[in-house]
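Peer 1: Going line by line, the protein sequences match chains G and F. Each step along the first sequence adds one to the number in the numbering used here, with nothing skipped, and position 298 is 298. Each step along the second sequence adds one to the number in the numbering used here, with nothing skipped, and position 25 is 25.
Just so you know, these hints were derived from the structure itself, not from any lab. In this text, all values refer to a predicted model and were calculated from it rather than measured experimentally. It cannot be assumed that every hint is accurate.
In silico SDA-like pairs for lysine to any residue, Cα to Cα no more than 25 Å straight-line [stated by the list, open to error]: (1) G:K369 - F:F17; (2) G:K369 - F:R20; (3) F:K142 - G:D22; (4) F:K114 - G:F13; (5) G:K145 - G:I82; (6) F:K111 - G:L228; (7) G:K287 - F:F17; (8) G:K369 - F:L72; (9) F:K114 - G:F3; (10) G:K287 - F:S90; (11) F:K111 - G:I217; (12) G:K287 - F:R88; (13) F:K142 - G:Q289.
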Amino acid sequence: MSFSFTRFGAVLFKEFVQMRRDRITFGMMIGVPIMQLLLFGFAINSDPKHLPTLVEMADQGPVTRAVLMGMKTSAYFNFQGIVTSQEDGDRALRDGSASFVVVIPPGFERDVVRGLAPEILLSTDASDPSAAGAAVGAISGIVDKAVRQTLTGPLHYAASAADPFSVTVHKQYNPEGRTSTNIVPGLLGIILSMTMVMITAVAIVRETERGTMEALIATPVRPFEVMLGKIMPYVLVGYVQTLVFLMAAHFLFEVPFIGSPFAFFAGFNLYIVVNLALGFLISTVAKSQMQAMQISFFTLLPSILLSGFMFPFAGMPGWAQTIGTAIPATHFLRLTRKVMLKGADLADISSDMFAMAIIMLVIVTVALKRYRQTLD
Amino acid sequence: MNTGDMAISVRGLTKTFGSRTVVDHFDMDVPKGAIYGFLGPNGSGKTTTIRMMCGLLIPNGGSGQCLGYDILTEPQSIKENVGYMTQRFSLYEDLTIRENLDFIARMYRMKNRKTDVDDALKGLGLTDRANQLAGTLSGGWKQRLSLACCMLHDPQLLLLDEPTAGVDPKARRDFWDEIRRLSAKGVTVLVSTHYMDEAVQCDYIAYIAYGKKLIDGPAPDIPDMIGLNTWRIEGPNITKMEAEMRRTAGVEQVARFGSVLHVSSTDGAALDRVAAEHRKKGTYHWQKQKGGLEEAFIYLMATATDNFTEPKEAAE
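Using the sequences and the hints given, assemble the complete structure.
Peer 2: In structure tokens:
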């Protein structure tokens with residue numbers, strides 16, 4: 001009645017042979033994550049630069065030119081041309097040919113010299129707030145700096161008379177504001193979740209769908225041996241994926257890893273187990289491989305949207321945060337970012353580990369209950 | 001009968017799925033060394049019964065033993081000693097022939113795995129194709145490979161669930177030759193089938209319909225147990241005669257075998273009167289004969305179908 005390593009080993013070996021023969025799936029497991037890493041790592045940028053900008057100039061003095069030059073050197077703005085009326089500027093914003101229109105008011109330089117603190121108007125297309133956000137945040141600093149640099153010599157008095165405002169931006173952990181530093185650790189969570197959940201669910205359902213499960217359970221093999229033998233190979237795949245990922249993160253994207261490797265290893269293993277359990281649960285619900293695939297996809301979407309991978313977690317409404325908290329990826333994302341970017345150790349990630357453990361407990365309980373029912 | 005002589009002996013076996021009773025108080029005795037035919041229409045509960053007897057399903061009611069092990073409490077021991085071949089091809093199509101055999105051998109934790117697998121390959125005549133993927137085999141070869149997998153651990157009892165469904169006649173004949181060879185070696189075989197010509201080859205037969213057993217016994221006794229009287233009719237334009245016989249009172253069953261017609265009835269006297277009347281005309285040649293298994297099964301299937309049309313839902 002006891003656990004047999006011979007039988008467990010046989011299932012494990014068989015699973016590896018099948019994995020090797022199924023070239024497409026195997027390629028997907030190793031190739032797709034790398035491709036996604038390269039794509040997302042390089043392509044997604046929430047701090048976009050070189051945005052098309054138009055200028056409506058009613059003043060052409062040296063101060064104005066200094067302001068425009070300053071904006072240009074900041075690399076946020078890419079000047080496309082000059083508009084002569086407000087309508088032209090509005091039209092350009094509407095049809096998307098420009099993201100910004102800078103309006104220099106008439107007599108700008110004269111007012112600066114007189115100390116009247118004139119206003120520069122920056123009209124922006126805010127339909128994509130994240131695209132324009134960084135540039136908007138940077139504009140006052142850029143302008144201020146540019147104006148001060150010009151107001152030298154006899155005009156020095158005007159510089160000190162100008163509005164004494166200063167914007168301090170202090171970016172911690174990611175001083176350059178590089179998106180890849182944030183997105184690469186997050187991507188690991190998403191890709192692990194995708195592979196572990198979907199492949200596990202499909203691998204188990206495939207056995208039922210093809211009728212091999214019936215022949216298998218007619219042999220003396222125990223259900224536990226089958227499950228373990230089927231799941232272990234994919235744990236190994238998860239290890240390989242993570243290794244490839246960490247290497248790419250280090251060499252390609254120069255994402256730091258300053259925390260405790262042990263803490264990461266512990267959290268990462270727990271995360272894999274949670275996802276396998278979820279895949280197992282799906283396999284008890286799905287009747288075909290197609291269904292298993294679809295259900296897996298449904299679990300994937302919230303992992304991407306609500307976990308804080310795509311959008312800031314703190315910016316979500318309360319109910320969405322509640323849903324997000326129930327998603328394992330949310331906690332793994334926090335954990336990974338903490339360890340890799342902020343140098344956390346095991347004590348710092350205990351709350352995330354605890355949350356994942358609870359989620360796992362719930363999933364395993366439901367999965368085992370369902371598994372017993374499907375045996376009949 | 002002494003249960004010690006029985007490979008399988010079950011009493012009052014019942015299985016319900018939700019509110020449906022799929023197998024209803026089923027009794028059966030399979031003598032050791034026999035080829036036992038298990039017949040019945042689709043959805044009659046054959047597969048469920050077989051699964052309960054080999055420890056795959058726990059019955060809701062009833063009791064029994066299989067090879068001396070209790071079907072309720074010792075399913076693990078039954079699995080170790082029984083070979084079960086499922087209805088569908090249930091080997092791994094993406095594994096080679098050798099890998100499939102080797103995998104099954106490891107499931108039974110066989111000691112001399114390598115030699116046993118080699119022997120099985122030799123027995124199949126597939127030694128040269130051992131590294132071919134199982135999925136590329138023809139239907140007949142798949143069935144033979146499945147059977148070889150079931151026999152790998154030398155079980156004393158073979159449970160075959162419609163093993164020859166969808167297999168060509170030549171392969172079916174080969175398959176049955178193999179079954180008889182195994183039976184001669186003392187292996188008990190329980191085989192479910194749809195085919196009449198296969199049923200005829202069995203020593204014992206049980207007929208199940210809609211979860212209930214209608215009849216069982218030694219194959220030669222079945223026609224007498226049903227009590228069918230049969231006349232054989234030969235002559236010109238047999239199609240017209242067939243139509244006429246179907247309308248004639250006193251004839252319960254008309255079965256056509258090529259150019260020959262078999263008419264049967266449980267009421268022998270009534271049928272004899274019909275025969276006497278027609279023989280006077282002399283157009284057709286009438287001959288009384290002992291009822292065979294064929295007529296018996298057609299009769300059983302006809303009654304079973306009636307039984308079956310009432311509740312529509314079918315369960316395998």
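Peer 1: Hint check: F:K114 vs G:F3, CA-CA at most 25 Å. Holds or violated?
Peer 2: 23 Å, holds
Peer 1: Does the alpha-carbon distance linking G:K145 and G:I82 stay inside the 25 Å limit?
Peer 2: 23 Å, holds
Peer 1: Does F:K114 pair with G:F13 here, judged by a C-alpha cut-off of 25 Å?
Peer 2: Holds, at about 16 Å.
Peer 1: Is the straight-line distance between the alpha-carbon of G:K369 and that of F:R20 25 Å or less?
Peer 2: Judged against 25 Å, a Cα distance of about 22 Å means the pair holds.
Peer 1: Taking only the CA atoms, is the gap from F:K111 to G:I217 under or equal to 25 Å?
Peer 2: 21 Å, holds
Peer 1: Below or equal to 25 Å on CA atoms is what counts here, so check G:K287 against F:S90.
Peer 2: 17 Å, holds
Peer 1: With a cut-off of 25 Å on the C-alpha distance, tell me whether F:K111 and G:L228 pass.
Peer 2: With Cα atoms ~23 Å apart, F:K111 and G:L228 stay inside 25 Å; holds.
Peer 1: Decide if the proposed pair is consistent with the structure: G:K369 and F:F17, CA atoms, cutoff 25 Å inclusive.
Peer 2: Between G:K369 and F:F17 the Cα gap is close to 18 Å, so the pair holds against 25 Å.
Peer 1: What's the verdict on G:K287 and F:R88, does the C-alpha distance respect the 25 Å limit or exceed it?
Peer 2: Measuring from Cα to Cα gives roughly 17 Å; hence the hint holds.
Peer 1: Tell me if the straight-line CA distance from G:K369 to F:L72 falls inside 25 Å.
Peer 2: 21 Å, holds
Peer 1: Tell me if the straight-line CA distance from F:K142 to G:D22 falls inside 25 Å.
Peer 2: 21 Å, holds
Peer 1: Compare the distance between the alpha carbons of G:K287 and F:F17 with 25 Å, and conclude whether the hinted pair is satisfied.
Peer 2: 17 Å, holds
Hint violations for this structure: none, all hints satisfied.
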